[in-house]
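Enquirer: With the hints as constraints, model all of the structure from the sequences given.
So the chains spell out like this:
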Amino acid sequence: MMLDPLTLVLFAPLFGAVAAFVFPRAAAAVGLGAVLVTCGAVLWLAQQVLAAGAVTVALGGWEPPLGIALRADGLAVAMLAMTAVVGLLVSASALDALREARQQQYFWPLWLLLLTGMNGVYLGTDVFNLYVMIEVIALAAVGLTVLSGTREAVRAGLEYMYASILGALLFLLGVGFVYLQLGRLDFEGLNSAEPSGALSAALALMVIGLLLKTALFPLHFWLPAAHANATAPASALLSGLVVKAALYIFLRLSTYMPLPDEILITLIGTLGAGAVLWGGVQALRAERLKLLVAWSTVVQIGLIFIAFARAGQIGLTESWKAAALLILAHGVAKAAMFLAAGRIKDEVGHDVIRDLDRSSIRPTLAQFTFALAAISIIGLPPSLGFIGKWSLMEGAMAAGYWHWVAVTMIGTLLSVAYFSRVFAGFLRFDRMRGELAEHKGWAVADIAPLTLALAAISLGLMATPILSFLELGYPFGATP
Amino acid sequence: MTDTLTEMLTTLNGSLLSDAPLLPLFILLTSLLASPVLFALPESAARLRAGINLTVAALKVALVGWLGIKVGQGVVYDISFNMLPGLEFKLQADPLAILFVSLSAILWLVTTVYSVGYLERGPHRARFFGFFSLCVAATVGIAMAGNLFTFLIFYELLTLATYPLVIHKGSAEALRAGRIYLIYTLAGGLVLLLGTLGLWVLAGTTDFTPGGVLEDVVAENRLAAQALFVVLVGALGVKAALVPFHAWLPTAMVAPAPVSALLHAVAVVKAGAFGIMRVVYEVFGIETAQALGMTAPLAALAGVTIIYGSLRAITQDDIKKRLAYSTVSQVSYITLGVALASPIAAVGALAHLIHQGLMKITMFMAAGNLAEGLGVKKVSEMNGVGRAMPGTMLAFSAAALAMIGLPPLAGFVSKWYLAQGGLDAGAGWVIALLLGSSLLNAFYFLPMLYRAWFRDGTIEAPARPRIGWMLAAPPVATALMVLFVGGFANAPFSPLEWTRFVVAIEYQE
Numbered sequence: 000m001m002l003d004p005l006t007l008v009l010f011a012p013l014f015g016a017v018a019a020f021v022f023p024r025a026a027a028a029v030g031l032g033a034v035l036v037t038c039g040a041v042l043w044l045a046q047q048v049l050a051a052g053a054v055t056v057a058l059g060g061w062e063p064p065l066g067i068a069l070r071a072d073g074l075a076v077a078m079l080a081m082t083a084v085v086g087l088l089v090s091a092s093a094l095d096a097l098r099e100a101r102q103q104q105y106f107w108p109l110w111l112l113l114l115t116g117m118n119g120v121y122l123g124t125d126v127f128n129l130y131v132m133i134e135v136i137a138l139a140a141v142g143l144t145v146l147s148g149t150r151e152a153v154r155a156g157l158e159y160m161y162a163s164i165l166g167a168l169l170f171l172l173g174v175g176f177v178y179l180q181l182g183r184l185d186f187e188g189l190n191s192a193e194p195s196g197a198l199s200a201a202l203a204l205m206v207i208g209l210l211l212k213t214a215l216f217p218l219h220f221w222l223p224a225a226h227a228n229a230t231a232p233a234s235a236l237l238s239g240l241v242v243k244a245a246l247y248i249f250l251r252l253s254t255y256m257p258l259p260d261e262i263l264i265t266l267i268g269t270l271g272a273g274a275v276l277w278g279g280v281q282a283l284r285a286e287r288l289k290l291l292v293a294w295s296t297v298v299q300i301g302l303i304f305i306a307f308a309r310a311g312q313i314g315l316t317e318s319w320k321a322a323a324l325l326i327l328a329h330g331v332a333k334a335a336m337f338l339a340a341g342r343i344k345d346e347v348g349h350d351v352i353r354d355l356d357r358s359s360i361r362p363t364l365a366q367f368t369f370a371l372a373a374i375s376i377i378g379l380p381p382s383l384g385f386i387g388k389w390s391l392m393e394g395a396m397a398a399g400y401w402h403w404v405a406v407t408m409i410g411t412l413l414s415v416a417y418f419s420r421v422f423a424g425f426l427r428f429d430r431m432r433g434e435l436a437e438h439k440g441w442a443v444a445d446i447a448p449l450t451l452a453l454a455a456i457s458l459g460l461m462a463t464p465i466l467s468f469l470e471l472g473y474p475f476g477a478t479p
Numbered sequence: 000m001t002d003t004l005t006e007m008l009t010t011l012n013g014s015l016l017s018d019a020p021l022l023p024l025f026i027l028l029t030s031l032l033a034s035p036v037l038f039a040l041p042e043s044a045a046r047l048r049a050g051i052n053l054t055v056a057a058l059k060v061a062l063v064g065w066l067g068i069k070v071g072q073g074v075v076y077d078i079s080f081n082m083l084p085g086l087e088f089k090l091q092a093d094p095l096a097i098l099f100v101s102l103s104a105i106l107w108l109v110t111t112v113y114s115v116g117y118l119e120r121g122p123h124r125a126r127f128f129g130f131f132s133l134c135v136a137a138t139v140g141i142a143m144a145g146n147l148f149t150f151l152i153f154y155e156l157l158t159l160a161t162y163p164l165v166i167h168k169g170s171a172e173a174l175r176a177g178r179i180y181l182i183y184t185l186a187g188g189l190v191l192l193l194g195t196l197g198l199w200v201l202a203g204t205t206d207f208t209p210g211g212v213l214e215d216v217v218a219e220n221r222l223a224a225q226a227l228f229v230v231l232v233g234a235l236g237v238k239a240a241l242v243p244f245h246a247w248l249p250t251a252m253v254a255p256a257p258v259s260a261l262l263h264a265v266a267v268v269k270a271g272a273f274g275i276m277r278v279v280y281e282v283f284g285i286e287t288a289q290a291l292g293m294t295a296p297l298a299a300l301a302g303v304t305i306i307y308g309s310l311r312a313i314t315q316d317d318i319k320k321r322l323a324y325s326t327v328s329q330v331s332y333i334t335l336g337v338a339l340a341s342p343i344a345a346v347g348a349l350a351h352l353i354h355q356g357l358m359k360i361t362m363f364m365a366a367g368n369l370a371e372g373l374g375v376k377k378v379s380e381m382n383g384v385g386r387a388m389p390g391t392m393l394a395f396s397a398a399a400l401a402m403i404g405l406p407p408l409a410g411f412v413s414k415w416y417l418a419q420g421g422l423d424a425g426a427g428w429v430i431a432l433l434l435g436s437s438l439l440n441a442f443y444f445l446p447m448l449y450r451a452w453f454r455d456g457t458i459e460a461p462a463r464p465r466i467g468w469m470l471a472a473p474p475v476a477t478a479l480m481v482l483f484v485g486g487f488a489n490a491p492f493s494p495l496e497w498t499r500f501v502v503a504i505e506y507q508e
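For the protein sequence lines, the chains are A and B, in the order given. Just so we're aligned, residue 0 is where the first sequence starts under numbering that gives the first Met the number 0, counting upward by one. Just so we're aligned, residue 0 is where the second sequence starts under numbering that gives the first Met the number 0, counting upward by one.
Please note: incorrect hints may appear among the correct ones.
[To be verified] Computed spacing ranges between beta-carbons, pair by pair:
no.: 1; chain 1: A; residue 1: Leu-49; chain 2: B; residue 2: Glu-286; range: 25 to 33 Å
no.: 2; chain 1: A; residue 1: Met-431; chain 2: B; residue 2: Phe-500; range: 25 to 33 Å
no.: 3; chain 1: B; residue 1: Leu-32; chain 2: A; residue 2: Leu-435; range: 24 to 32 Å
no.: 4; chain 1: B; residue 1: Phe-500; chain 2: A; residue 2: Leu-49; range: 42 to 50 Å
no.: 5; chain 1: A; residue 1: Pro-23; chain 2: B; residue 2: Ala-39; range: 18 to 26 Å
no.: 6; chain 1: A; residue 1: Leu-435; chain 2: B; residue 2: Leu-47; range: 17 to 25 Å
no.: 7; chain 1: A; residue 1: Ser-467; chain 2: B; residue 2: Glu-214; range: 45 to 53 Å
no.: 8; chain 1: B; residue 1: Val-303; chain 2: A; residue 2: Leu-435; range: 22 to 30 Å
Since the hints were made in silico from the structure, they are not lab data. Predicted model only: the values in this text are computed from it and were never measured. Just so you know, even glycine gets a beta-carbon here, dropped at the ideal spot from N, CA and C.
Expert: Have a look at this one:
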């Protein structure tokens with residue numbers, strides 16, 4: 000069999016996971032190697048997609064609906080690239096952040112398994128395979144959550160597992176009904192199916208399962224504790240990447256579904272608005288830094304759904320781009336932010352927000368990184384988050400959906416308010432105990448989060464090429 | 000993308016020696032690139048830091064001078080690339096931009112000298128100068144933004160870069176002021192984002208064009224255009240400290256003296272006033288704005304702000320607070336001149352953009368020297384300070400008299416043109432307003448001068464105030480500029496002359 004980048008993207012992390020499990024002493028080296036190979040494969044794939052549009056491969060030569068096909072278009076490759084780059088930098092920081100040998104030993108196989116699942120989701124073309132992949136992701140993600148071994152983490156991990164299993168079951172139930180209806184499970188089949196009430200019901204089940212997994216308000220209950228209590232690299236992966244998998248499937252499904260009607264889209268946007276408001280208020284009340292960051296993920300997920308709903312049914316063929324931009328922006332910025340929060344916690348010794356200003360240790364570079372990431376997450380120019388928010392508001396305004404504009408603006412103000420609580424802790428010096436330790440707090444470990452944060456800011460300047468790349472291969476069936 | 004890059008590099012190579020089309024970009028990059036270097040320098044490298052600061056600031060003045068000469072010769076600069084389909088990041092160097100860029104470059108140099116002296120042994124100097132540099136870069140970007148979208152980017156950058164400067168002391172009071180500052184300016188920025196989006200959706204462009212871009216929209220949808228005007232000017236009014244959005248400015252005076260000086264003279268309030276100018280002249284066009292019936296209410300609001308700021312200034316005992324309320328009042332002269340919709344008033348407005356900057360920076364630096372050298376922070380403690388620090392107080396006095404509008408000082412020139420413009424626009428009340436305001440100016444500045452020069456000192460002043468030349472010289476230098484721009488208002492390349500050049504373009508004469 001000829002080697003092709005699609006297969007490599009899927010199997011490099013899979014073999015890496017097995018190898019890291021079998022050779023625990025070399026886990027870190029194997030892991031980094033596998034992630035690097037994946038990065039290379041994604042680059043190769045990007046080149047092919049740039050040259051030829053969407054690329055499709057039938058695994059083992061079996062064509063669907065019998066076999067499994069993998070398809071890469073602009074959106075898929077953009078997600079793959081974001082995942083690979085964020086993954087690489089998080090891996091680099093894990094080398095330093097995970098000090099116990101046991102944590103290293105489990106981290107690498109789990110993370111590579113997670114990467115396999117993520118890549119599988121991006122490339123999958125039939126709903127059963129997507130189900131398998133989200134189960135793989137869930138397994139690895141729960142493992143990563145409990146990696147720190149604290150009691151809170153284990154409790155949060157259990158809750159996460161229940162939610163995850165429930166979500167997957169709902170999804171599987173939907174898949175089953177689809178199969179009963181159509182006798183096939185690939186996207187092509189869904190796309191060409193006659194719309195019917197039963198099919199819509201099956202899709203609705205799948206969507207509810209996905210919303211639970213991506214933690215859209217009010218199904219977000221499991222997220223804050225899980226993301227706040229994991230170790231920093233695990234939090235970065237969970238918040239930056241994992242929730243995006245279900246979100247991505249939702250985006251994909253929305254095109255293959257018989258067009259969702261206006262009421263449904265408004266409902267989804269309303270849930271997003273609920274997330275923005277409720278998550279914002281909770282972030283204002285959060286006592287610990289990592290919990291605040293986790294709540295901001297709930298907010299951002301809501302914002303992405305508002306972007307999806309921004310211009311109603313007619314705007315759907317354009318709105319996915321705004322949602323995709325926000326997904327990419329959040330992936331990069333949130334990973335940076337969690338890593339920076341982890342660095343701050345490591346240096347200061349705790350992450351209680353109101354006591355940050357009592358410490359005489361100020362990890363300056365990590366704090367700076369946190370602020371840079373916050374700029375993208377709040378959506379201030381010229382970051383990618385700003386571009387995403389601009390597209391959201393532009394579409395909503397052009398379509399006359401002023402309520403989405405208003406919610407986005409309120410959400411922005413809330414995010415300024417809760418992040419400025421943290422900045423005050425960084426910049427206040429009159430409650431400090433003891434002398435300020437000058438320039439104590441910067442280390443090699445700050446490089447990975449800083450790189451991510453700078454990327455989140457500067458990618459905004461490259462929004463035009465990113466947008467035209469996203470459209471390669473017509474991800475949303477908008478074939479001319 | 001590689002093609003564009005190669006193309007850019009070829010253009011760069013080809014014309015670097017002839018007329019450097021990227022000159023505006025270089026000017027932006029001087030302070031933008033200096034900033035990360037300054038952040039990374041260790042706290043102890045004070046000499047190196049001062050060296051870099053002064054070199055870059057001086058380089059910038061030179062580059063801006065070159066740019067000014069080129070633009071005066073009619074060279075057009077235009078740098079742009081697409082950020083979103085159809086939406087450009089665009090830098091241009093039109094005469095109006097030159098006016099503001101020159102002000103920021105020159106005053107940055109002066110303030111840098113002052114800051115190096117002021118913060119000699121203070122904490123967090125690396126952070127301070129890093130953000131200081133970033134703040135100036137943002138001002139330059141605001142000045143040279145070629146469309147409202149680019150303006151917005153730098154407007155927000157300015158907020159982010161000034162926040163750490165405002166709270167530099169790290170005390171509870173500073174943080175409270177910082178929080179108020181952040182709430183006001185970021186909320187203003189958000190509304191500006193809304194307005195920019197609205198402009199983009201309505202007009203399909205956000206370009207700054209003399210005469211405006213909204214003629215068609217006004218014809219189609221008058222109400223939407225009016226709403227857009229209110230949103231944009233309201234958003235910019237936050238930084239320009241128009242009543243009722245002015246409350247952040249007096250609280251922000253907890254910042255260190257050089258920061259206050261910069262904030263009040265070039266950076267924040269001026270960004271707001273400058274933005275109002277751009278919006279009225281080049282988004283709406285002065286005739287369109289007038290036809291919409293929006294200029295008269297704006298002029299009225301500016302008038303209210305002028306009187307209100309002066310009235311509040313009278314009751315302040317804290318020197319910096321008094322100066323802050325005076326800024327609220329004085330900056331609205333600029334808005335007033337724009338809103339009067341007369342070319343003569345416009346000359347006054349533009350000249351005041353420069354003049355107010357020179358006068359106010361002098362006063363803030365002088366106030367900083369009083370606090371540093373004598374520990375004097377209140378008006379009631381100013382008795383006899385003129386004898387203790389004659390140089391500083393002479394500078395302060397010159398600036399104060401100029402503010403009041405004593406001929407032939409800078410403030411007189413702007414007030415003269417504003418008053419003439421008022422007559423020209425048929426708004427006789429402006430004369431009364433300006434007279435009243437000058438009277439109020441005298442009311443809060445003259446007692447300070449009286450105490451300083453004619454009352455005996457009640458506090459134990461040290462025999463020789465401990466301030467170095469880096470603190471003593473800058474206010475004197477800017478005071479000399481105040482004398483010069485007033486006395487030689489008609490000299491070539493004086494602010495007033497350049498102003499006439501700009502107004503000729505905006506009014507398309």
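Enquirer: State the violated hints by number, sorted upward, taking the hints as numbered earlier in the document.
Expert: Those not satisfied are hints 1, 2, 5, 7, 8.
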